[in-house]
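These protein sequence lines are chains A and B, in that order.
No gaps in the numbering here: position 519 of the first sequence is 519 in my numbering, and each next residue is one more.
No gaps in the numbering here: position 396 of the second sequence is 396 in my numbering, and each next residue is one more.
No wet-lab data here; the hints were simulated from the structure.
Wrong hints could be hidden among the right ones.
One copy or any two copies: either way a pair holds, since identical chains are not told apart in the list.
[As the list claims (entries may be wrong)] Distance condition first, Cα-Cα at most 30 Å in a straight line; then the derived DSSO-like pairs of lysine-lysine:
hint: 1; residue 1: K417; residue 2: K279
hint: 2; residue 1: K269; residue 2: K368
hint: 3; residue 1: K269; residue 2: K116
hint: 4; residue 1: K221; residue 2: K81
Protein chains: 2
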Amino acid sequence: MVKRYLTVTSLSDALSLLRTGFSCTPARELVPLIASVGRVTAEPIFARYSVPEVHLAAMDGIAVISRQTRGAGEQHPVMIKQAVRVNTGNVVPPEYDAVIMIEEVQIDHGEFIIRKAAPSWQHIRPAGEDIGESEMALPSGHRIRPHDTGALAAYGITEVPVLTVRIGLIPTGSELVSHGTRPAPGQVVESNTVMAEAMLVALGATCTRYPMVKDNPADIKKILEQAVRENDVVIISAGSSAGTKDFTADVIAELGEVLVHGIAIKPGKPAIIGRIDRKPVIGMPGYPLSALTVLRELVTPLVYAFGLPVSSFGTVDALLTVSVSKDIGSDEFVLCSLGQVGDRWVLTPLSRGAGVQMSAVRSNANLKIPAGVEGCEAGKIVPATLTVSRAEAEKALLITGSHDPLIDYLADLLQKKEIGLHSTHVGSMGGIFSLKKNECHAAPMHLLAENGDYNIPYLEKYIPGEDIILLCVAERQQGIVSRTGIGFDDLVRHSFINRQRGSGTRMLLDHELKIRGISHDALQGYEREVTTHLAVALAVKTGEVDAGMCVFSAAKALGLPFKTVATERYEIAIRREHLDDPRVAELCAAVTSPPFREIMDRLGGYDTRETGVRRVLP
Amino acid sequence: MVKRYLTVTSLSDALSLLRTGFSCTPARELVPLIASVGRVTAEPIFARYSVPEVHLAAMDGIAVISRQTRGAGEQHPVMIKQAVRVNTGNVVPPEYDAVIMIEEVQIDHGEFIIRKAAPSWQHIRPAGEDIGESEMALPSGHRIRPHDTGALAAYGITEVPVLTVRIGLIPTGSELVSHGTRPAPGQVVESNTVMAEAMLVALGATCTRYPMVKDNPADIKKILEQAVRENDVVIISAGSSAGTKDFTADVIAELGEVLVHGIAIKPGKPAIIGRIDRKPVIGMPGYPLSALTVLRELVTPLVYAFGLPVSSFGTVDALLTVSVSKDIGSDEFVLCSLGQVGDRWVLTPLSRGAGVQMSAVRSNANLKIPAGVEGCEAGKIVPATLTVSRAEAEKALLITGSHDPLIDYLADLLQKKEIGLHSTHVGSMGGIFSLKKNECHAAPMHLLAENGDYNIPYLEKYIPGEDIILLCVAERQQGIVSRTGIGFDDLVRHSFINRQRGSGTRMLLDHELKIRGISHDALQGYEREVTTHLAVALAVKTGEVDAGMCVFSAAKALGLPFKTVATERYEIAIRREHLDDPRVAELCAAVTSPPFREIMDRLGGYDTRETGVRRVLP
């Protein structure tokens with residue numbers, strides 16, 4: 001019987017079903033030692049023989065019988081009758097029980113004279129010093145690290161028995177094109193099984209990606225039967241919802257049973273757990289972040305139940321910068337940027353659109369908000385789950401404020417210093433408020449004041465009395481982007497796309513409208529907001545609107561005409577207390593570096609004469 | 001000119017030479033997306049097109065023109081004239097600017113009736129929502145994570161330009177046999193270039209391992225010339241010291257120059273930095289842990305200078321449990337076991353023998369003791385460098401005390417629970433002192449008291465008044481291992497090998513000798529100490545000694561005769577405060593688990609009737 005969202009199962013119930021409803025017996029395979037790195041031992045690994053197998057000299061010198069050296073001293077040289085010359089690593093013959101370093105031996109007509117007694121076992125590496133024959137070198141369930149291979153090679157291990165879980169991945173959807181093909185409008189690149197394979201292989205699974213199948217129950221059924229035969233687990237990508245073209249649940253029900261359809265997680269609700277021939281069959285939703293969530297929260301624990309360990313980086317308590325609201329009843333997982341500002345961890349949610357893969361790319365942590373609550377308020381301390389090591393998260397540089405393509409290039413330069421620049425685009429005013437609350441390291445801004453100056457009047461007004469430095473990135477051209485080369489005064493006759501409230505670009509627009517006495521209503525599309533310069537240029541390029549306001553580099557990147565409206569000072573505001581922070585120091589160094597200047601020259605529209613100039617609030 | 005240890009270079013000077021003395025220009029290669037996981041981007045990766053490229057429906061429903069929905073309400077149904085049916089993911093035609101969910105639409109004779117106005121852009125995924133054409137998806141220098149592949153696939157990236165450093169690895173040494181060959185006495189398995197390849201490939205390098213070369217300058221020279229031609233960096237394994245068969249420095253000097261011979265690090269002092277055709281040539285010492293240290297402290301920073309990021313897990317401040325002494329003048333790196341006992345991090349050095357690879361296998365941290373000091377005292381707080389994630393280190397279970405092969409099997413069982421059991425073999429008395437200082441989670445012991453009882457009298461004497469629980473692992477047979485089947489009373493006529501002071505086995509021996517009125521001197525080899533049961537059995541098996549005392553399972557593992565001397569209670573002492581610690585709880589569960597009982601039955605010599613019995617100190 002197909003269950004169609006009759007009941008949505010909680011995540012914890014779904015997980016316990018996965019653990020208890022299946023035998024979860026992993027497969028075992030032998031892999032060559034050098035290929036075993038990252039794999040998980042299927043059984044304890046024992047040394048085949050002792051290392052070393054016999055006593056070896058640990059120094060260059062002579063092997064002696066220690067009791068024959070007794071009595072030797074500075075004033076009492078002893079001539080050793082029975083000795084043999086050995087180099088480091090040579091076998092010490094059984095009759096000897098000590099080595100004397102060659103520097104301490106006087107050689108006289110082929111006789112060895114010593115002036116110091118040798119305790120027994122001096123400078124000898126005893127047999128089995130490293131490991132004894134039959135001793136356990138590695139336990140089972142151990143993920144083999146690169147340096148383990150040296151030890152295993154030395155212990156006589158050439159092939160390693162490792163665990164695996166064979167997972168079949170079936171991409172479904174008539175709209176799919178394979179990756180490498182440029183999708184036509186309405187087509188989608190099949191990327192979810194690519195991601196799934198990469199994630200699961202990293203855990204130690206063995207994946208088979210089957211050919212893409214159109215939304216046709218007969219075709220899906222045929223390939224699902226094959227995949228169940230050939231694997232321990234099958235994942236069907238997409239078609240798991242309850243729409244007219246969603247056949248995953250029907251097909252699973254035909255071949256076996258649907259145990260769960262709909263799990264109380266967001267993103268990822270349309271997930272399915274089915275069983276065919278006693279094997280788990282997972283229906284994975286098609287939205288990339290839904291798929292990612294199901295892989296991380298459902299499939300990874302399943303693979304763990306098969307014995308493959310999952311590395312976790314733990315959690316840190318962090319201050320949430322933005323309120324997150326949600327519906328009661330589902331565990332929600334929010335991808336976030338996490339960083340340390342001063343001695344506090346600060347957590348900023350990224351876009352929650354289930355299609356926004358860049359949120360996954362940008363995130364270094366996630367926040368689980370439990371089913372029972374309606375959300376989390378800004379300012380609360382919440383447990384952030386790290387998705388990178390804590391040491392890496394400690395290198396995150398948090399930039400909040402106005403967006404400019406240059407910020408991405410600063411990220412590129414800083415990545416080479418192992419600093420991860422996390423940029424949150426909330427506009428110049430948003431940056432000021434973040435800086436005020438000390439929730440970011442730096443706030444880029446370009447706010448034109450009444451007196452013609454940039455930024456300082458706003459900082460004085462909103463963060464009075466604080467010790468803040470402004471570092472000039474560049475003076476940049478803002479203007480009108482269009483397909484036809486129109487200027488500011490033509491805007492009223494064309495459709496327009498705006499930037500979000502609080503962005504400096506919008507404030508510049510309002511300023512220019514006010515000068516000319518044009519009302520907002522006169523601008524068709526004034527209410528349509530996007531958050532980046534590139535998004536403005538893109539809406540123009542696709543023909544959605546005729547014009548918008550953005551920086552020159554965004555227009556140039558898309559090959560669109562641009563008419564300059566103003567040149568504005570784009571500065572980064574930094575609290576003085578953070579200037580010595582190594583991350584902030586590297587940011588400042590990057591801004592004034594020659595490679596960055598070259599980038600600005602190449603992108604165009606940036607006047608770099610003021611680049612690097614620091615201003616201090618009066 | 002060859003420099004032969006004339007001066008030893010400090011590590012920091014050697015590192016700055018590597019950074020400044022070479023151009024360190026990485027190679028760049030294109031790899032298919034799925035093979036790019038773990039590799040490092042050579043340049044920023046930009047989206048080839050916007051995702052989505054056009055506006056898409058985010059819900060199943062109808063696409064509408066939002067201004068035609070104005071005025072709709074519960075009491076004011078509006079019939080929509082112009083609308084089109086869309087499913088999630090369908091293209092929203094350009095004339096529409098909102099989607100209304102199908103659940104909110106009443107369909108009446110093919111007409112759509114709504115009762116709620118739709119704001120513009122409702123339920124639409126705008127073009128470029130995920131990423132805009134030409135937007136930067138990843139910076140350069142980014143190590144590609146598994147889930148990044150999904151995004152890159154979706155953004156039209158099929159091949160990824162990644163950095164690499166081509167590294168040639170030349171194993172030298174006449175004593176080498178290739179891995180898979182059982183070494184004859186005095187031969188050594190060539191494992192260092194296996195380890196080097198695994199470590200360097202994990203960083204993103206491309207390695208070529210050249211055939212093994214005997215200690216012959218002409219042969220080494222020939223292969224070195226080839227390796228320099230074919231790579232960016234060459235590493236010559238072994239032969240880097242100043243002995244009579246160490247030719248690495250000579251050969252480098254013939255083809256180029258030796259910049260450094262001898263670096264003030266331990267282990268790893270004989271390292272060489274040379275330059276041939278402007279390329280770095282590293283001489284890596286032959287001892288495995290010397291090689292590991294040079295790879296980690298010298299080669300890894302070199303690879304970093306080529307642009308390959310190195311993940312670090314940071315440091316924690318930890319209490320050092322054992323004093324470490326060293327010579328002034330060298331930075332010494334000590335491999336350690338790190339764990340958290342209560343709220344303290346506790347750090348225990350592992351064997352420092354440069355041939356003891358098991359120290360690397362067992363370690364999860366290391367301690368750098370700077371050149372200027374003579375060592376570190378027990379009880380000091382020192383910075384421990386993590387070599388696993390902090391979250392993994394937090395799962396370390398520290399067991400200190402008497403050794404039994406069963407401890408390795410408990411490690412095997414606990415690894416499946418992702419608990420890393422770190423066992424330090426210091427004998428039963430050593431365990432008591434560790435427990436007294438609260439520097440371990442559990443202390444295995446088997447100490448026979450005058451009154452015939454085990455362990456409790458010792459705990460009462462040395463840790464009076466503490467709340468300690470004893471968990472019985474088993475009653476185990478201790479006895480005499482030999483090649484000829486001799487018993488205790490034959491010991492005086494044979495050579496013997498002892499266990500270390502403070503071990504329960506040695507105390508049992510002393511007890512049995514005392515009963516029989518036999519003096520220590522009567523036992524030939526009483527002073528020769530090893531630290532494990534297996535090491536005793538091994539010394540017997542190799543013919544080094546005739547007999548020793550150990551547990552039955554060690555004799556059985558090596559197929560040696562065994563004569564029982566006593567059955568003793570092997571218990572684990574645990575402070576009550578740690579019983580609720582999840583790691584300790586899992587340890588207790590493992591001891592009483594059926595798989596563990598099966599292991600004891602299989603190994604033999606363990607009476608399990610008392611297994612799991614808890615005793616509390618009176």
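Here is what the structure says about each hint:
1. K417 - K279: Close across copies (23 Å), not inside one copy (47 Å); limit 30 Å.
2. K269 - K368: within (15 Å within a copy, 49 Å between copies)
3. K269 - K116: between (78 Å within a copy, 26 Å between copies)
4. K221 - K81: neither (86 Å within a copy, 41 Å between copies)
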